[in-house]
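Number of protein chains: 2
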Amino acid sequence: MKTSSVTVAVDAMGGDHGVCVTVPASIDSARANPRLHLILVGDKSSIENELNKCRDFSAVKDRIQIKHTTEVVAMDEKPSVAMRNKKDSSMRISINLVKEKLADASVSAGNTGALMAVSRFVLKTPPGIDRPAIVFNIPSVTGHCHLLDLGANIDCSAEQLYQFALMGSILSQAVDGISAPRVGLLNIGTEETKGNEVIKEAADLLRADPRINYIGFIEADGIFRGEADVVACDGFSGNVTLKACEGTARMFSQFVKDGINRNWLTKLSGLTFLPVLLGLKKKMDPGEYNGGTMIGLRGVVIKSHGSADRASFATAIRLAALEVEKNIPHLIEDWFSDKTESKASEG
Amino acid sequence: MKTSSVTVAVDAMGGDHGVCVTVPASIDSARANPRLHLILVGDKSSIENELNKCRDFSAVKDRIQIKHTTEVVAMDEKPSVAMRNKKDSSMRISINLVKEKLADASVSAGNTGALMAVSRFVLKTPPGIDRPAIVFNIPSVTGHCHLLDLGANIDCSAEQLYQFALMGSILSQAVDGISAPRVGLLNIGTEETKGNEVIKEAADLLRADPRINYIGFIEADGIFRGEADVVACDGFSGNVTLKACEGTARMFSQFVKDGINRNWLTKLSGLTFLPVLLGLKKKMDPGEYNGGTMIGLRGVVIKSHGSADRASFATAIRLAALEVEKNIPHLIEDWFSDKTESKASEG
Numbered sequence: 156m157k158t159s160s161v162t163v164a165v166d167a168m169g170g171d172h173g174v175c176v177t178v179p180a181s182i183d184s185a186r187a188n189p190r191l192h193l194i195l196v197g198d199k200s201s202i203e204n205e206l207n208k209c210r211d212f213s214a215v216k217d218r219i220q221i222k223h224t225t226e227v228v229a230m231d232e233k234p235s236v237a238m239r240n241k242k243d244s245s246m247r248i249s250i251n252l253v254k255e256k257l258a259d260a261s262v263s264a265g266n267t268g269a270l271m272a273v274s275r276f277v278l279k280t281p282p283g284i285d286r287p288a289i290v291f292n293i294p295s296v297t298g299h300c301h302l303l304d305l306g307a308n309i310d311c312s313a314e315q316l317y318q319f320a321l322m323g324s325i326l327s328q329a330v331d332g333i334s335a336p337r338v339g340l341l342n343i344g345t346e347e348t349k350g351n352e353v354i355k356e357a358a359d360l361l362r363a364d365p366r367i368n369y370i371g372f373i374e375a376d377g378i379f380r381g382e383a384d385v386v387a388c389d390g391f392s393g394n395v396t397l398k399a400c401e402g403t404a405r406m407f408s409q410f411v412k413d414g415i416n417r418n419w420l421t422k423l424s425g426l427t428f429l430p431v432l433l434g435l436k437k438k439m440d441p442g443e444y445n446g447g448t449m450i451g452l453r454g455v456v457i458k459s460h461g462s463a464d465r466a467s468f469a470t471a472i473r474l475a476a477l478e479v480e481k482n483i484p485h486l487i488e489d490w491f492s493d494k495t496e497s498k499a500s501e502g
Numbered sequence: 156m157k158t159s160s161v162t163v164a165v166d167a168m169g170g171d172h173g174v175c176v177t178v179p180a181s182i183d184s185a186r187a188n189p190r191l192h193l194i195l196v197g198d199k200s201s202i203e204n205e206l207n208k209c210r211d212f213s214a215v216k217d218r219i220q221i222k223h224t225t226e227v228v229a230m231d232e233k234p235s236v237a238m239r240n241k242k243d244s245s246m247r248i249s250i251n252l253v254k255e256k257l258a259d260a261s262v263s264a265g266n267t268g269a270l271m272a273v274s275r276f277v278l279k280t281p282p283g284i285d286r287p288a289i290v291f292n293i294p295s296v297t298g299h300c301h302l303l304d305l306g307a308n309i310d311c312s313a314e315q316l317y318q319f320a321l322m323g324s325i326l327s328q329a330v331d332g333i334s335a336p337r338v339g340l341l342n343i344g345t346e347e348t349k350g351n352e353v354i355k356e357a358a359d360l361l362r363a364d365p366r367i368n369y370i371g372f373i374e375a376d377g378i379f380r381g382e383a384d385v386v387a388c389d390g391f392s393g394n395v396t397l398k399a400c401e402g403t404a405r406m407f408s409q410f411v412k413d414g415i416n417r418n419w420l421t422k423l424s425g426l427t428f429l430p431v432l433l434g435l436k437k438k439m440d441p442g443e444y445n446g447g448t449m450i451g452l453r454g455v456v457i458k459s460h461g462s463a464d465r466a467s468f469a470t471a472i473r474l475a476a477l478e479v480e481k482n483i484p485h486l487i488e489d490w491f492s493d494k495t496e497s498k499a500s501e502g
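As they're listed, the protein sequences go chains A and B. Heads up: take any position in the first sequence, counting from 1, add 155, and you land on the numbering used here. Heads up: take any position in the second sequence, counting from 1, add 155, and you land on the numbering used here.
This is chain A alone, in the form it adopts within the complex (with noise of 0.2 Å):
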């Protein structure tokens, strides 16, 4: 584990809320982790007016640089014209940044899409390592569960999943602590017998690999239940569990608020009860834990949530610092040479 200081590079036009949001999280976990360096990165005239605005900025000012730039790839943007159009944008040069070692990590709250391409280009993957997944902490009854991937590939091939299986496990050794985190792969059954050909193949692989614990198929009520550390699956269907689990959670916090209006005695009974409430929201809704992973880079990139709000989006800053510190990016390439050197020796 690296001790010594770490630094963020911060896409300070990213979001919905962009430097409203960025700035004011930045110097909040510049605050609370004293190791920590962030670069904004954006329109620097943008960034000094919020940081004005920043009472606790003179603390931490020696911590904080900005790195000016002139353009900003818009949430709806196409990946491929973000890619192509957009090289002095606030997340190629955050990007940049990693790759040209000035920065340890980066830190989006931009076009999902577009920051997986950019990534990908700049960065690229390690030897072993097919292509980036996107790994996601969904809540369980127990603590959460490292889900992957969440919308970066929507057909895998068993090898993929394979993949995607050894870097949750990777990940979740490294920032969990669990020495042999239960890897499982999501299906519609827990038998043998059930999903398509794809997924039994994975299956062969996690189990014929003697560094993951594998546990088998996993259902998605089986998340929630906290029966893995780790599920793979492709991005289509982690894409659906990730918004199945927003949508029943925000939709129950709906309920509760009209369980609440109700009459006198549900709103006097709903205001005791309301701190319990909130932090349950907090707990279940996978948007507020904010913060995912672009996994099997040459570098710590974190997505965080679009709509990320001040606290969520230091959530996101504090999550890319761990997976500096805990190493995460040599890791995984230092497994999978093991794995291409085991190879390459046996053939």
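Among the clues, some could well be false.
Lysine to aspartate or glutamate pairs mimicking DMTMM-like chemistry, simulated, CA-CA at most 20 Å apart [to be verified]:
#, chain 1, residue 1, chain 2, residue 2
1, B, 438, B, 464
2, B, 233, A, 488
3, B, 349, A, 310
4, A, 254, A, 488
5, A, 437, B, 310
6, A, 222, A, 243
7, A, 355, B, 310
8, A, 436, B, 376
9, A, 438, B, 376
10, A, 349, A, 413
11, A, 438, B, 413
12, B, 233, A, 347
13, B, 437, A, 413
14, B, 438, A, 413
15, B, 436, A, 413
16, B, 355, A, 346
17, B, 222, B, 203
18, B, 222, B, 243
19, A, 233, B, 352
Across the chosen pairs, the derived CB separations fall in these ranges [what the hints assert, rightly or not]:
#, chain 1, residue 1, chain 2, residue 2, range
20, B, 492, A, 172, 53 to 61 Å
21, B, 255, A, 461, 55 to 63 Å
22, A, 466, B, 418, 23 to 31 Å
23, A, 233, B, 437, 42 to 50 Å
It is worth saying that the hints were derived from the structure and are not from the lab. Where is the CB? At the ideal position from N, CA and C, for every residue including glycine.
Please arrange chain B on chain A, whose structure you already have, making use of the hints.
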């Protein structure tokens, strides 16, 4: 709409609880609906034993028959084995009664795979329908959404997705009384460029059919926001959506319990708030809704949740009677024969 009597064949032995749940639920259903006749299919002495325990039995005695069978399909039995070896099972005989027009519908809480295989083999699909699907009501902030398929068909063609959407639209029209139900396709984004080729082709088919009010792609969270009345997807994504919703709802229920038990103040407020919370749980957990329609068959077959309690199983029986009264299988057959005819005349 049929207003005469409705006869439902109940697989009395199916589900986790068998006759202890199915028999009292049948009595409740018969009491609630004076047009309802029931054939309880299963072991005669077990059924009689349960009937005699129900004090309301005498009031509905003349509308309850027993059909004795000697076999039971186990919950974990392979569908192919159930098909081949259990020809006198309560499940099989219930479906046979529908085929023989001795019942209008069948309800079972048994093994889903076996029920689908048996129903498809005995009842068949009408012309123009490749495969039956399982459709479920998913709760939303504005009411509910008919989601299909829920696990019967893992890999689907564009034509199958189109057929699911059409069947869902007919069901929603008849059951919800909506003249032009909003029909969406589950995807990982709402833009037309999202998803794989199968989904894009299904979207083209839906756009080309003037009988469907196709509203485009919908993300899983949109289902819970009430953005569509019908959402079609492959059985893998559908199962994941349902299980993620159930898992989140149950996790919520657990967190609420934990929150209430925190201290005396939360216990007190929880007590006042309990009726709201219990209503909420029922509103949110699709397992509580109970009753998945096996759609696209020449007959009404309802799959109840295996763990259904008395009230939930009665809900499934009510759904069966409603679908008979609304003539769902005939409506579907008519729509698809229109399509088959117009294709033939085009050709």
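Do the hints match the structure? See the list:
1. B:438 to B:464: OK: residue 438 (chain B) and residue 464 (chain B) at ~16 Å, within 20 Å.
2. B:233 to A:488: At roughly 43 Å apart (the allowed maximum being 20 Å), residue 488 (chain A) and residue 233 (chain B) break the hint.
3. B:349 to A:310: holds (12 Å)
4. A:254 to A:488: Holds - the C-alpha atoms of residue 488 (chain A) and residue 254 (chain A) are around 16 Å apart, at most 20 Å.
5. A:437 to B:310: violated (35 Å)
6. A:222 to A:243: holds (11 Å)
7. A:355 to B:310: holds (14 Å)
8. A:436 to B:376: With Cα atoms ~16 Å apart, residue 436 (chain A) and residue 376 (chain B) stay inside 20 Å; holds.
9. A:438 to B:376: holds (18 Å)
10. A:349 to A:413: violated (40 Å)
11. A:438 to B:413: holds (12 Å)
12. B:233 to A:347: holds (12 Å)
13. B:437 to A:413: holds (15 Å)
14. B:438 to A:413: Holds, at roughly 12 Å.
15. B:436 to A:413: Holds: residue 436 (chain B) and residue 413 (chain A) sit about 14 Å apart, inside 20 Å.
16. B:355 to A:346: violated (32 Å)
17. B:222 to B:203: holds (11 Å)
18. B:222 to B:243: Distance ~11 Å between residue 222 (chain B) and residue 243 (chain B) Cα, so the pair holds.
19. A:233 to B:352: holds (18 Å)
20. B:492 to A:172: 53 to 61 Å: holds (54 Å)
21. B:255 to A:461: 55 to 63 Å: holds (57 Å)
22. A:466 to B:418: 23 to 31 Å: holds (25 Å)
23. A:233 to B:437: 42 to 50 Å: With a Cβ separation near 44 Å, residue 233 (chain A) and residue 437 (chain B) satisfy 42 to 50 Å, so the hint holds.
Checked against the numbered hints above, the structure breaks hints 2, 5, 10, 16 and satisfies the rest.
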